[in-house]
Structure formats: C-alpha cells, structure tokens
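Required output: the full structure, derived from the provided sequences and hints.
The numbering used here puts the sequence shown at residues 3 to 244.
Since the hints were made in silico from the structure, they are not lab data. Don't be surprised by glycine CBs; every beta carbon is placed ideally from N, CA and C. Hints are not guaranteed to be accurate.
Pairs of lysine-lysine residues, derived as DSSO-like cross-links and limited to a Cα-Cα distance of at most 30 angstroms, are as follows [claimed, not checked]:
no.	residue 1	residue 2
1	K110	K86
2	K47	K86
3	K43	K86
4	K76	K47
Label pairs and their computed distance ranges (CB to CB) [said to hold, decoys possible]:
no.	residue 1	residue 2	range
5	K110	A83	42 to 48 angstroms
6	A219	K110	37 to 43 angstroms
7	R100	Q222	57 to 63 angstroms
8	K82	E198	41 to 47 angstroms
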Amino acid sequence: RILLTLPAPAADAKTYELRIYITAPGKLDALLARFRDHTCKLFEKHGMENIGYWVPLDADKGADNTLIYVIAHKSRDAAKASWKAFSADSEWKEVAKRTTANGQIVAKVESVFLESADFARPMDAGNGKGAPRVFELRTYTAAEGKLAGLDARFRDHTIGIFARHGMTNLGYFHPTDADKGAGRTLVYFLAYPSREAAAASWKGFRDDPEWVKVRTASEQGGKLTAKVESVYLTPTDFSRIR
Numbered sequence: 003r004i005l006l007t008l009p010a011p012a013a014d015a016k017t018y019e020l021r022i023y024i025t026a027p028g029k030l031d032a033l034l035a036r037f038r039d040h041t042c043k044l045f046e047k048h049g050m051e052n053i054g055y056w057v058p059l060d061a062d063k064g065a066d067n068t069l070i071y072v073i074a075h076k077s078r079d080a081a082k083a084s085w086k087a088f089s090a091d092s093e094w095k096e097v098a099k100r101t102t103a104n105g106q107i108v109a110k111v112e113s114v115f116l117e118s119a120d121f122a123r124p125m126d127a128g129n130g131k132g133a134p135r136v137f138e139l140r141t142y143t144a145a146e147g148k149l150a151g152l153d154a155r156f157r158d159h160t161i162g163i164f165a166r167h168g169m170t171n172l173g174y175f176h177p178t179d180a181d182k183g184a185g186r187t188l189v190y191f192l193a194y195p196s197r198e199a200a201a202a203s204w205k206g207f208r209d210d211p212e213w214v215k216v217r218t219a220s221e222q223g224g225k226l227t228a229k230v231e232s233v234y235l236t237p238t239d240f241s242r243i244r
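What follows is the structure, given as structure tokens:
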C-alpha cells in the first residue's frame, strides 16, 4: 500500500465567510457585472480579501440564479468593521442605487462565518490566471456527537486519499455560529480539471481499498455523517481562484 504523507498545514487564523446570493429572476448577469466592476474592488478597499467566486453548474442547484463566494477577514471583529464601512461607502451607495433602478437584483442572501479546520491549509485566493477548473462545495452534517470522528478521518486518511486520486484539496472549515451548524458541520472545497475528471476521481476514491478499510473501521460505532450535500461550481471570470 502506498502511503501519501502531506506536509503539516500552517495555522490559519483568518475568519472566512461563505456567502450565497439568490438573484431575482433574470438578474444573475447583472449581479455578476456589479461584482466584477465594483463590489470586489470595494471589498478590498475595506479590508476584505476576495478568495473565490462561483456559479453552480447544474440547473437544480441554481445555475441561473446563484452566486456563491468566499471572502476572508483578519478576524470576526474585522469582518464587522469591514461590512459597516462597505455599507456606508458613498461609492457603494451610488452603485447600489444605479444598479437597482429597474428592480432589486438580489432576492436572498445567506452568510456563514467559518474557521479553518485544524488539518486545513489557508485557502489561498490565487492570481486569477490559468484554465478554469471545476470546483465542488461539499457540506457534511455529522451524526450526533460524531464531528470529532469525522474530522479525524479526514485529517488522518481522507485528504491524502483524495490527493492520490487527483482531487485538489482547497479549504476545510467549520461554521462558527450555532444557528449555522457549529459543532456538527464540515464544509470543504475540492477542485478538478473537469467534470469528467471529478467523476473518475470519486469512483477511484470509493473503490480504493484503503478508503474501504478506513470507512469500515471508522463506522463500527455508527455512521459519522447524517447528511451530505454537494454542489459543482464553475469560477466566474473575475474569480481570483481558478
């Protein structure tokens, strides 16, 4: 059996924020234009780090009306200060007024503050260059009292097996607020060269004898996950992570 040893991850003190915007019908292009031309620059102006911006690939996951993005803050207090300054910015107020002259663009916003898992490297933004990959946002709700066991399985086995099968590990996070799943949720991102490569990687992973052995051993006391959600994503043209 080939053992894959990954370097120990660096400590990541950043506060991350996962935001999901559902647009009004037909308004996704307008929302993307506003981010491309204005919002991303204003975020940086007010101390927010743009990490990645994506649109779902599948119609049933919001391909025509959803923007998913990740930004980083120095701390939760810094996030609060940055959002306050952004909201009060006269340039933003003018942009918001002009872009909503024909109706609201955004119908719903969800925000989840995240902290990196102890086995995760910082999720770097990248430089916006290179051929766009296919990304996957996966959200695991752990069975009652099983989050530590789920983390241990990822830390000791899963991320290494992922890498062996061509999956690029990006960020691994836990929500920080109880009403958003703190203490029971693992959120993570993977990247692949293509959707076909993703399917091949997952097949290889699930058939891997090491994974089969690890899963069986780790679930002797019951399954570690109660729910698994997956959304395949394509990066926007202005995303720094590609």
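What are the numbers of the hints the structure violates, in ascending order? Going through the list in order, the structure violates hint 5 alone and respects the others.
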